[in-house]
Amino acid sequence: MMLDISQLTVIYPDKTKAVDNFSLQVKEGESFGLVGANGAGKTSLMLAVMGILPISEGCIKVDNIIVEKKRLSDIRSRAGLIFQNPDDQLFMATIYDDIAFGPRNYGLSEQETRKRAEEALCELGITHLMERSALKLSEGEKRLAAIAAVLSMKPSLLLFDEPTAFLDLKARRNLIRLLNNMPYTKIIASHDLLFLKEVSKQALLMKNGALFAQGAAKDLFHDKKLMEDCGLEVI
Amino acid sequence: MDIRNKISAIYSLEQLSAGNTVIHRLHPMSKLIATFVFIVTVVSFGRYEFGRLVPFIFFPTILMALSETPYIMLLKRVLIAIPFCLFIGISNLLLEQETAFVIGNTNISFGALSFGVILFRTYLCIMAVLLLAAVTPFNELALQLRRLKIPAVFVLMLEMTYRYIGVLFAEAASMRLAYILRSSGAKGVDIRHAGSFIGCLLLRSFARAERVFSAMKCRGYMIKTTGARRFKLRITDIFYCVLICFFCLLFRFIDAGGKLTVLEKIL
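Top to bottom, those sequences are chains A and B. Just so we're aligned: the first sequence equals residues 1 to 235 in the working numbering. Just so we're aligned: the second sequence equals residues 236 to 502 in the working numbering.
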C-alpha cells in the first residue's frame, strides 16, 4: 500500500478539528481526486501526510513507513507536496537551485543533483527555465517549476494542492497532459471538477474534515444530492 | 510590477552568485575566511592611518573584475551605508581641528583624516561583504557558518530573515495595492490606518513565511541542512585563501607606502 491512512484526526491548537476520523488506502499507481468545500480539510490532510501538521489520533503510513517525527526524512523522500501557491515553494535565486534544494538536503552529490534536476526539467519540458529567477516567470511556468522541484526528489507519492489555481486554459491543458503521463501515485485536491475528471478516475469527497464519499469520479461529480450535501455543485 | 522589480533588486546579488567565474567556483569556506581576514585587517588600523589602507582597495577591485560583478550595483548598496558613517565621522571634523599635514595650501586636520579613514574603511568592509554575497549563494554561506560551529539557531534566523524580506515586500505590495484601489486618489497608507495595516501585514507575512518554511521542510530541510552544494576543497581554494591572508598580513605589518619612500630616497 502506497498510502494508508487510518482513523486520522488532526486538531489545531485552537481546538478546530481539521481532519476527523479519516481513513483511506491508496495502492501504488492509483490517482485520486480530492474534493470538498473551502475549509473541508483537504490541505490539512496533505500537510498531515507530509508530517507538517501533528497527528492527534490515528495513523498514516507512506510506503509502509509510519509518519512520525523520527521518520520524517524518509517520509519526505517518498512523498512530495506541490503547494497551492508556487511562490511559497520557489524561494531560491534560480529555478535550478530550487530544484536542487531537495536532493542537496538529502546529501546527494552535485553530479547526481544536476542529473536529477535535468531529468525533472526535461520531463516537464522546461529545461530553458533552469537559470531563470522565479520572480520573472509566468504562473504556468512557476507551477511547472514547483512540480519539477518535487519530482527531483524522485517521490513515489505526489500530493497536489489546487494545481490549477492561477493557471490559464493553455497551462491547465498542459498540466492535464503532464499528470496523465506521470506514473506516480497521486492525490489531487481541487475545486476544478472538470480537471479532476480528466486526471483521476477515483474521487474522494470531504466534508468537515471527514471522508464523506468515495467512488468513481464520473459518478460522484454528477450526483447532485451528494455534491450539494457536501457544499459543492455538480458539473 | 514596481514591487516585483524591487524584490528582484533585493535578490539580484544572489542571482549574481549563480555565476560561473573562477571566483564563483572557489570553495565558499575559502571565500568566507578570506573576507573575514580582510575585514579584521582593515578594521585593525589606527584612526589616522589612511595611507596604509590604500593598498587594500586592490582586493575588491581585483575580485570584482575576476567575478564579473557590476561595480555600479555594489556601489549603490555601499551608498546606503555611507550616511551612517557620515553621522559617526562628522563629530571628528568638529572636535579634532589640529593640522595633521598640508597638501598645497590646504591644511588637513586630524578630524578630516579620521573622517576619511572611517569612510574608506566602511567602503572596503561593505564592499568585501557584498562581493562575498555576489559570488557565493546564501545557502552555501549558511552551510559554512554551521561548519564554523556558529549555533544552528543563529544561522537559521539569518536564513529566515533573508527569505522573510522578500515575503514581507510581496505581502506589503499586494496590501498596499488593495488599499489604494479602494481609497480615492490616495498615494499611500493614511496614518489613521497605518496601525491596522502594519498589524495585518505582520500576520499575513508570518502566515506566508510559515508556508514557505513548510515547503522547505517538505523537501527535506532540517535545521542542520541548508540545501547547499557540497564542495570539495581543492588546491586553488587553499591557494586563494592563503594568498589573501598573506597580503592582508603583509600590508598590516609592513608600511608599503613608507618603504617605497625609503626606497625612492636610496635610489
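Be a bit skeptical, because a hint or two may be false.
[Stated by the list, open to error] Under 8 Å between C-beta atoms, here's a sample of chain B residues computed to sit facing chain A:
#1 244
#2 249
#3 250
#4 382
#5 414
#6 447
#7 449
#8 454
#9 456
[To be verified] Straight-line C-alpha distance at most 25 Å; calculated PhoX-like pairs for lysine-lysine:
#10 A:170 - A:197
#11 A:170 - A:225
#12 A:218 - A:207
#13 A:218 - A:201
#14 A:218 - A:27
#15 A:201 - A:154
#16 A:69 - B:467
#17 A:115 - B:311
#18 A:17 - B:467
#19 B:452 - A:154
#20 A:61 - B:311
#21 A:201 - A:224
#22 A:224 - A:207
#23 B:467 - A:115
#24 A:207 - A:170
#25 B:452 - A:70
#26 B:467 - A:136
#27 A:224 - A:170
#28 A:170 - A:69
#29 A:207 - A:225
#30 A:69 - A:15
Derived by calculation from the structure, the hints in this document are not laboratory data. Backbone N, C-alpha and C define an ideal beta-carbon position, used for all residues, glycine too.
Structure-based check of all given hints:
At a threshold of 8 Å, the smallest CB-CB gap from residue 244 of chain B to chain A is about 10 Å, leaving the interface hint violated. Satisfaction of the interface hint for residue 249 of chain B is found here, the shortest Cβ-Cβ separation to chain A being roughly 4 Å, below the 8 Å cut-off. Look at residue 250 of chain B: its Cβ gets to within about 5 Å of chain A, closer than 8 Å, so that hint holds up. The closest approach between the C-beta of residue 382 of chain B and any C-beta of chain A is roughly 14 Å, which is over the 8 Å cut-off, so the hint fails.
A least Cβ separation of about 21 Å between residue 414 of chain B and chain A goes past the 8 Å threshold, and the interface hint is therefore violated. At its closest, the beta carbon of residue 447 of chain B sits 5 Å from a beta carbon of chain A; the interface hint therefore holds under the 8 Å criterion. Interface hint at residue 449 of chain B: satisfied, since its Cβ lies 5 Å from the closest Cβ of chain A, which is below the 8 Å cut-off. Annotation: residue 454 of chain B was flagged as interfacial toward chain A, and the flag holds, the nearest CB pair being 4 Å apart, inside 8 Å.
Of the supplied interface hints, the one on residue 456 of chain B holds, with its beta-carbon coming within about 6 Å of a beta-carbon of chain A, less than 8 Å. Taking the CA atoms of residue 170 of chain A and residue 197 of chain A, the gap is about 17 Å. The hint holds against a cut of 25 Å. With a C-alpha separation of about 32 Å, the suggested pairing of residue 170 of chain A with residue 225 of chain A is violated against the 25 Å cut-off. A distance of roughly 19 Å separates the Cα atoms of residue 218 of chain A and residue 207 of chain A; the hinted pair therefore holds under the 25 Å criterion.
Taking the CA atoms of residue 218 of chain A and residue 201 of chain A, the gap is near 7 Å; set against the 25 Å cutoff, the hint holds. The straight-line distance between the Cα atoms of residue 218 of chain A and residue 27 of chain A is roughly 20 Å, inside the 25 Å bound, and the hint therefore holds. Simply put, residue 201 of chain A and residue 154 of chain A have alpha-carbon atoms about 23 Å apart, close enough for the 25 Å limit, and the pair holds. Taken as a hint, the residue 69 of chain A and residue 467 of chain B pair is broken in the structure, with Cα atoms around 32 Å apart against an allowance of 25 Å.
Among the hinted pairs, residue 115 of chain A with residue 311 of chain B is inconsistent with the structure: their alpha-carbon atoms are about 38 Å apart, more than 25 Å. Between residue 17 of chain A and residue 467 of chain B, the direct Cα distance comes to roughly 49 Å. Violation of the 25 Å bound is thereby established for this hinted pair. This hinted pair checks out: residue 452 of chain B and residue 154 of chain A have alpha carbons roughly 16 Å apart, not beyond 25 Å. Note on residue 61 of chain A and residue 311 of chain B: the hinted pairing is violated, with a Cα-Cα distance of about 53 Å set against a maximum of 25 Å.
Between residue 201 of chain A and residue 224 of chain A, the direct Cα distance comes to roughly 18 Å. Compliance with the 25 Å bound is thereby established for this hinted pair. The straight-line distance between the Cα atoms of residue 224 of chain A and residue 207 of chain A is roughly 15 Å, inside the 25 Å bound, and the hint therefore holds. For the suggested pair residue 467 of chain B and residue 115 of chain A, the alpha carbons sit about 18 Å apart, so the restraint of at most 25 Å is met. Among the hinted pairs, residue 207 of chain A with residue 170 of chain A is inconsistent with the structure: their alpha-carbon atoms are about 31 Å apart, more than 25 Å.
Taken as a hint, the residue 452 of chain B and residue 70 of chain A pair is honoured in the structure, with Cα atoms around 14 Å apart against an allowance of 25 Å. Between residue 467 of chain B and residue 136 of chain A the CA atoms are separated by roughly 32 Å; this puts the pair beyond 25 Å, and the hint is violated. For the given pair, residue 224 of chain A sits about 29 Å from residue 170 of chain A by alpha-carbon distance, which is inconsistent with the 25 Å threshold. Taking the CA atoms of residue 170 of chain A and residue 69 of chain A, the gap is near 41 Å; set against the 25 Å cutoff, the hint is violated.
The hinted pair formed by residue 207 of chain A and residue 225 of chain A meets the criterion: a straight-line CA distance of about 14 Å does not exceed 25 Å. Between residue 69 of chain A and residue 15 of chain A the alpha-carbon distance is near 22 Å, which keeps this suggested pair within the 25 Å criterion.
Taken one by one, the earlier hints fail for this structure at numbers 1, 4, 5, 11, 16, 17, 18, 20, 24, 26, 27, 28, listed in ascending order.
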